[in-house]
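Given two chains presented individually in distinct reference frames, assemble the corresponding complex, making use of the accompanying hints.
Chains as they are written, first to last, in this note's numbering: chain A, 1 to 112; chain B, 1 to 115.
The hints are simulated quantities; they were obtained by calculation from the structure and are not laboratory data.
Don't be surprised by glycine CBs; every beta carbon is placed ideally from N, CA and C.
Mixed in with the good hints, there may be bad ones.
[To be verified] Okay, the calculated beta carbon distance ranges per label pair:
#, chain 1, residue 1, chain 2, residue 2, range
1, A, R107, B, R9, 48 to 58 Å
2, A, Q3, B, R111, 25 to 35 Å
3, B, S80, A, K57, 17 to 27 Å
4, A, S69, B, T20, 20 to 30 Å
[What the hints assert, rightly or not] Pairs of lysine-lysine, DSSO-like flavour, derived with a Cα cap of 27 Å:
#, chain 1, residue 1, chain 2, residue 2
5, B, K70, B, K11
6, A, K68, A, K15
7, B, K53, A, K15
8, A, K99, A, K57
9, B, K53, A, K68
10, A, K42, A, K15
11, B, K70, A, K5
12, B, K53, A, K99
13, A, K57, A, K42
14, A, K99, A, K5
15, A, K68, A, K99
16, A, K71, A, K99
17, A, K58, A, K15
18, A, K15, A, K71
19, A, K42, B, K11
20, B, K11, A, K5
21, A, K99, B, K57
22, A, K42, A, K68
23, A, K68, A, K58
24, B, K53, B, K70
25, A, K71, A, K58
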Amino acid sequence: QQQVKQSPQSLIVQKGGISIINCAYENTAFDYFPWYQQFPGKGPALLIAIRPDVSEKKEGRFTISFNKSAKQFSLHIMDSQPGDSATYFCAASPYNTDKLIFGTGTRLQVFP
Amino acid sequence: DAGITQSPRHKVTETGTPVTLRCHQTENHRYMYWYRQDPGHGLRLIHYSYGVKDTDKGEVSDGYSVSRSKTEDFLLTLESATSSQTSVYFCAISAGLAGVSREQFFGPGTRLTVL
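Isolated chain B (complex conformation) (with noise of 0.2 Å):
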């Protein structure tokens, strides 16, 4: 497996409270992204980063930030979580255009409930 942790990997909160997720990789990859997964919808990208400090909005960013302070380290924020945020998060990694190919690496994902 590629080096992809997230933290917490389970998560029941409250609605109205804040929210952070942490992706932590170990691989140098340049590209993170942070996906969520719900039945009947697959993967929908929230928000990626192309470099440190460099970020931007994927098909969902609604209600949520990200920072990127590291390379190896990629924050997800609820700033208010909704019960609509209750889904699991899946970080992903890859070396981008750049690379041998074109490949995302995914960690092992965070089950949020929000009641």
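Okay, chain A solo, but in the shape it has when bound (with noise of 0.2 Å):
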């Protein structure tokens, strides 16, 4: 049961670019939307994260819009950089809980 809709599957973004990625959800009950950031061969790391009280969070060249209305929140990576080729998952939390539930993931390739 997939609670958490990600799309695209796989993004191309030249250097200096904007990259987008979308999240949905389904169950009202989440209190907490973090974004984490995978490089291959290595475990997630936490990029940056949004509670539902905010409609957006910027740290540095990342920012996170929410739409609670709409039950969308989505990443973007201004000036994009080949550095920051990965695969990107969001994820919410259920309210009052530690439990996370990540979307299918995002492969972003940034090119020179």
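Okay, structure coming up:
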């Protein structure tokens, strides 16, 4: 049962461009929405996270946009760099739990 | 990197054999998790633990069991491995809701192949 749907599956962006990855969730009882970044051969690592009481969070070149009414959130990577090439996972945590439900992942490739 | 190690890092085994994967942490975090990662499925929770001897099932727990006898160790056992259990297994830890953040820290993974 996929409660967090992520798209696209893969994304190719030119250096300096904007990368946008989208996620939609079905359960309204989520209260924490992180994005994880994974490089080949490594475990995922937290990139940025947001709670539903804000509509946007920015950390450097990475921004999460959150639309509570539409039950959607997205990751924007500004000025994408080849070093950003990785797989990105969105996730959602049910209210007052420590569990995460992950999306299926987006493989981002940034070409020079 | 958070102090998480997984062993073995790679394993090839045959169908029907038992397999145990170990996760060891040095962070003294209360929560530990086992995930499997498969193409097209992302990361799926197998089992998790919220304290010594306190464990619960995740989304894909069939065919797996876990044990946690010490804070630092969380074992995942495949009682009788099947080819469908070929995957990359990740252990994760977190301080839980009581922590400053709800961040989960992941280990380096174990690649398991069941022939």
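Now for the hints, and whether the structure bears them out:
no.	hint	in the structure
1	R107/A to R9/B: 48 to 58 Å	23 Å, violated
2	Q3/A to R111/B: 25 to 35 Å	27 Å, holds
3	S80/B to K57/A: 17 to 27 Å	45 Å, violated
4	S69/A to T20/B: 20 to 30 Å	47 Å, violated
5	K70/B to K11/B	24 Å, holds
6	K68/A to K15/A	31 Å, violated
7	K53/B to K15/A	49 Å, violated
8	K99/A to K57/A	22 Å, holds
9	K53/B to K68/A	38 Å, violated
10	K42/A to K15/A	23 Å, holds
11	K70/B to K5/A	36 Å, violated
12	K53/B to K99/A	18 Å, holds
13	K57/A to K42/A	26 Å, holds
14	K99/A to K5/A	17 Å, holds
15	K68/A to K99/A	20 Å, holds
16	K71/A to K99/A	19 Å, holds
17	K58/A to K15/A	20 Å, holds
18	K15/A to K71/A	30 Å, violated
19	K42/A to K11/B	17 Å, holds
20	K11/B to K5/A	31 Å, violated
21	K99/A to K57/B	11 Å, holds
22	K42/A to K68/A	32 Å, violated
23	K68/A to K58/A	17 Å, holds
24	K53/B to K70/B	8 Å, holds
25	K71/A to K58/A	19 Å, holds
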